[in-house]
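All chains, full assembly: derive it from the sequences and hints.
Quick note, the sequences are listed as chains A and B, same order.
For reference, each letter of the first sequence is one residue, going 1 to 435 in this note's numbering.
For reference, each letter of the second sequence is one residue, going 1 to 271 in this note's numbering.
Keep in mind the hints are simulated off the structure, nothing from the lab.
Among the clues, some could well be false.
Said to hold, decoys possible - Straight line, CA to CA, 25 Å or less: simulated DSS-like cross-link-like pairs of lysine-lysine:
| hint | chain 1 | residue 1 | chain 2 | residue 2 |
| --- | --- | --- | --- | --- |
| 1 | A | Lys207 | B | Lys173 |
| 2 | A | Lys317 | B | Lys43 |
| 3 | B | Lys43 | A | Lys269 |
| 4 | A | Lys152 | B | Lys37 |
| 5 | A | Lys317 | A | Lys152 |
| 6 | A | Lys390 | A | Lys418 |
| 7 | B | Lys166 | A | Lys317 |
| 8 | B | Lys245 | B | Lys37 |
| 9 | A | Lys307 | B | Lys93 |
| 10 | A | Lys307 | B | Lys37 |
| 11 | A | Lys274 | B | Lys245 |
| 12 | B | Lys37 | A | Lys274 |
| 13 | B | Lys173 | A | Lys152 |
| 14 | B | Lys37 | A | Lys317 |
| 15 | B | Lys43 | B | Lys93 |
| 16 | B | Lys166 | B | Lys37 |
| 17 | A | Lys418 | A | Lys397 |
| 18 | A | Lys93 | A | Lys30 |
| 19 | A | Lys418 | A | Lys377 |
| 20 | A | Lys218 | A | Lys274 |
| 21 | A | Lys269 | A | Lys183 |
| 22 | A | Lys183 | B | Lys37 |
| 23 | A | Lys390 | A | Lys377 |
| 24 | A | Lys93 | A | Lys183 |
| 25 | B | Lys93 | B | Lys166 |
| 26 | A | Lys183 | B | Lys173 |
| 27 | B | Lys37 | B | Lys93 |
| 28 | A | Lys274 | B | Lys93 |
Bear in mind the structure is a predicted one, so any value in this text is a computation, not a measurement.
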Amino acid sequence: MQRLLLLGLNHTTAPLDVREKLAFDASSQKHALESMRGQFPQCEFVILSTCNRVEFYAAREVHGSPRTDELLNAVALLQDVPAEVVKPHLYEKTDREAVTHLFHVASSLDSMVLGETQILGQVRDAYDAAAALGSTGVMLNPLFQRAIAVGKQVLRDTALGEGRLSIASVAVDYVRQIFDHFKDKTVLSVGAGEMAQLVLQHFAELKPGRLLVANRTKSRAEALAQQFGGAAVDFHSLADHVAAADIVITSTGASEPIITRSLMETALKARRFKPIVMLDIALPRDVEALVSEFQAVYLYNIDDLQKVVQQTQTQRKSAIDAATCIVLEHVDDFVASLRARELGPAIERLYAHHHHLAQEELHRTLNKLGHLKEDEKAHVEELARRIINKILHDPIKTLRAADSTHGLSAQYLHALEKLFKLDDRNINHEARKDE
Amino acid sequence: MPPEIPTLPQLSILALAVVALGIGIVLSVFRSRGNEKLRVPMKMLYYWGLSLAIVVVFWHTVRRGHWTPLESNFDTLVSLGVILGVFVMYLQKRRPVAGLDWFVMPMVMMLLLLGGVFGRTKLHAYLPTAWSVLHLVGVFGGAVAFALAGATGAMYLLSNQRLRNKTALPGSKFASLERLEHVTYLSVTLGFGLLTLGALMGFLWLLRDETKVLPPGKIILTGVIWVIYAIILHTPINPSFRGRKTAMLSIAGFILMIATVVAVQFVPSGK
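In structure tokens form, the structure reads like this:
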């Protein structure tokens, strides 16, 4: 009979410096799993360590080890951090609560950015790493496999994972609606600051034919261009570069627009009116608003992009209820399957044990009542069978109906196994002695 | 009843085909809202609708007793619809243009319905010759290509408007503007070639068949359509015509073409 234990901390319970102390990379995670398996050989472990959370999932025998303090001490020792430092930030969950939490995590309902899809991959990686070391078993294997399936279903069937939450990714989405392929496209960044870098990171993934960076300070342009395999161009020849570019990203700190209507008109003629996307993420704006009057120009400023981000956030929040419903359905189903898996065999053993006892006594009694006819013997056998069934009926019914939310089912089952000695090694009817 | 006139069972099956395609369009719209489970039923309905239309064409052909295509309103319009539908399904399988079926399948439904409506009207009698066959293949083949161009042109306008008004959320269900423009241009190129061939063959047919008198309206409409598509084809030379203007011209050309095809049904072409 196993118990599920979760011990962890996340971005809502612990500051970054505490999370950093407890975080695991791939090699330390492997070492930790091996160490914990060595210390608690009968248990299963998975460690989930991301930038926003560190969680330890353990499956152990009821009343077995490790308990919470033992687990905490083991982890603190491994990470060389005092247990008292992390203890105030930890949360502990067991059984159904632990299952619910994991399913919420995998579905990105517990993430800092609601609906982010990275966490599902991280849960999968954590499980794969533990499974590869043989650290998972009959409890954590189905648990994590189900968690991954739940995460996929939530992202697929709800709006939780839809839309974009960064200005850069919204900008890329807009560009994808205008251009089909990018190998023959030129991306020009006017400005070489942090925002430019962030946006260029997304655009570089499109693998454009050319990536140009123009900045008043040439060295900064060169540094940024080099980062993405592009080229620095002269800021003072901006008109020529705009004419050559299909996507222009502006993020300078200029107080006046640097791309005016007349510059754009000249550039469009030089481009033979091929469409051009302008992403003006500067404040104050770098591109004159009148530029958007040209049919070939698609101009998006920071407000336009931010509006989409806000719409996505609203959309995702409205999907929380639907996602939570899916999660809770799966929690109920998973917990029920666990109970059935554990209860079923235990109940069978209980019935088998008691019917065997009844058969032994029946046999002894029938030997003494040798004068009984066959139908009378059948009645006596039926009597013994019915007595056993009636005795066991109420306890079994209570056991099945026990509220697993509060873990009563696990406690009742454990008590049943102990009271009636239902451990497999004790069921040896051939060796049983008469009392 | 002449064998060219569609029978009631044939019309019933055609109606079923139209219904199947209509339901397929509805499922396609719902699917675009993220319900991927509708993908298979949607495709099955499209294939089923087109298959039913093919069955009707085949049945009609067998009943007529010979295989010469485009001999009657019914088989012309239904065949056009089938060709357009099958071509679009092929295109969507090879290199999909998102949302194309929302625009093209209604055209296919319209062609099937027109076939059912005009299929029972009196036919224009003529002797099929090589010129007439080539004329019809060119003109109607061009019509299919122009229908596709009209659809992608409409999609371009809609998508362009939403992108300029910034009412389109990223992740639109339509293909990109560049892809739509490309498909429009390819369709116009193909259609223009076929239309030119069809018009020339029609002219030669007119010269050969002294009994045939071509109404001036049809000549003018055909000429206007030809000029419109010639302009579209020359947008690389006159780039100010690209994008929205090309899309509008392709829609205008398609509407004129439909008007010409319908007008031909009611205009006598003999002495």
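Cross-check of the supplied hints:
Among the hinted pairs, Lys207 of chain A with Lys173 of chain B is consistent with the structure: their alpha-carbon atoms are about 23 Å apart, no more than 25 Å. Distance restraint check for Lys317 of chain A and Lys43 of chain B: the Cα-Cα separation of roughly 33 Å exceeds the 25 Å cut-off, and the hinted pair is therefore not satisfied. A hinted pair counts as satisfied when its Cα atoms are at most 25 Å apart, and Lys43 of chain B with Lys269 of chain A does not qualify at roughly 44 Å. Taken as a hint, the Lys152 of chain A and Lys37 of chain B pair is honoured in the structure, with Cα atoms around 15 Å apart against an allowance of 25 Å.
Proximity of Lys317 of chain A to Lys152 of chain A is assessed by CA-CA distance (about 18 Å); at most 25 Å being required, the pair is judged to hold. Restraint check for Lys390 of chain A and Lys418 of chain A: the C-alpha separation of about 21 Å stays at or below 25 Å, so the hint holds. This hinted pair checks out: Lys166 of chain B and Lys317 of chain A have alpha carbons roughly 22 Å apart, not beyond 25 Å. For the hint pairing Lys245 of chain B with Lys37 of chain B, the CA-to-CA distance comes to about 38 Å; that exceeds 25 Å, so the pair is violated.
Note on Lys307 of chain A and Lys93 of chain B: the hinted pairing is violated, with a Cα-Cα distance of about 35 Å set against a maximum of 25 Å. For the hint pairing Lys307 of chain A with Lys37 of chain B, the CA-to-CA distance comes to about 30 Å; that exceeds 25 Å, so the pair is violated. Straight-line distance between C-alpha atoms of Lys274 of chain A and Lys245 of chain B comes to about 13 Å, which keeps the hinted pair within the 25 Å bound. Our distance criterion of 25 Å between C-alpha atoms is broken by Lys37 of chain B and Lys274 of chain A, whose separation comes to about 39 Å.
Among the hinted pairs, Lys173 of chain B with Lys152 of chain A is consistent with the structure: their alpha-carbon atoms are about 22 Å apart, no more than 25 Å. A threshold of 25 Å between alpha carbons decides the hint, and for Lys37 of chain B with Lys317 of chain A the separation of about 24 Å falls inside it, so the pair holds. About 11 Å separates the Cα atoms of Lys43 of chain B and Lys93 of chain B, which keeps this hinted pair within 25 Å; it holds. With a C-alpha separation of about 30 Å, the suggested pair Lys166 of chain B and Lys37 of chain B falls outside the 25 Å cut-off, and the hint is violated.
Restraint check for Lys418 of chain A and Lys397 of chain A: the C-alpha separation of about 18 Å stays at or below 25 Å, so the hint holds. Restraint check for Lys93 of chain A and Lys30 of chain A: the C-alpha separation of about 23 Å stays at or below 25 Å, so the hint holds. Of the pairs offered as hints, the one joining Lys418 of chain A and Lys377 of chain A is violated, with about 34 Å between alpha carbons and a cut-off of 25 Å exceeded. As the CA atoms of Lys218 of chain A and Lys274 of chain A are separated by approximately 29 Å, the hinted pair breaks the 25 Å bound.
Only pairs whose Cα atoms come within 25 Å are accepted, and Lys269 of chain A paired with Lys183 of chain A is accepted, the gap being roughly 23 Å. A threshold of 25 Å between alpha carbons decides the hint, and for Lys183 of chain A with Lys37 of chain B the separation of about 34 Å lies outside it, so the pair is violated. With a C-alpha separation of about 20 Å, the suggested pairing of Lys390 of chain A with Lys377 of chain A holds against the 25 Å cut-off. Using a Cα cut-off of 25 Å, the hinted pair Lys93 of chain A and Lys183 of chain A is violated, with the two alpha carbons roughly 51 Å apart.
Restraint check: the Cα-Cα separation between Lys93 of chain B and Lys166 of chain B comes to about 30 Å, which exceeds 25 Å; the hinted pair is violated. Proposed proximity of Lys183 of chain A and Lys173 of chain B is supported: the alpha carbons are some 23 Å apart, at most 25 Å. This hinted pair checks out: Lys37 of chain B and Lys93 of chain B have alpha carbons roughly 18 Å apart, not beyond 25 Å. Restraint check: the Cα-Cα separation between Lys274 of chain A and Lys93 of chain B comes to about 29 Å, which exceeds 25 Å; the hinted pair is violated.
The earlier numbered hints that this structure contradicts are 2, 3, 8, 9, 10, 12, 16, 19, 20, 22, 24, 25 and 28.
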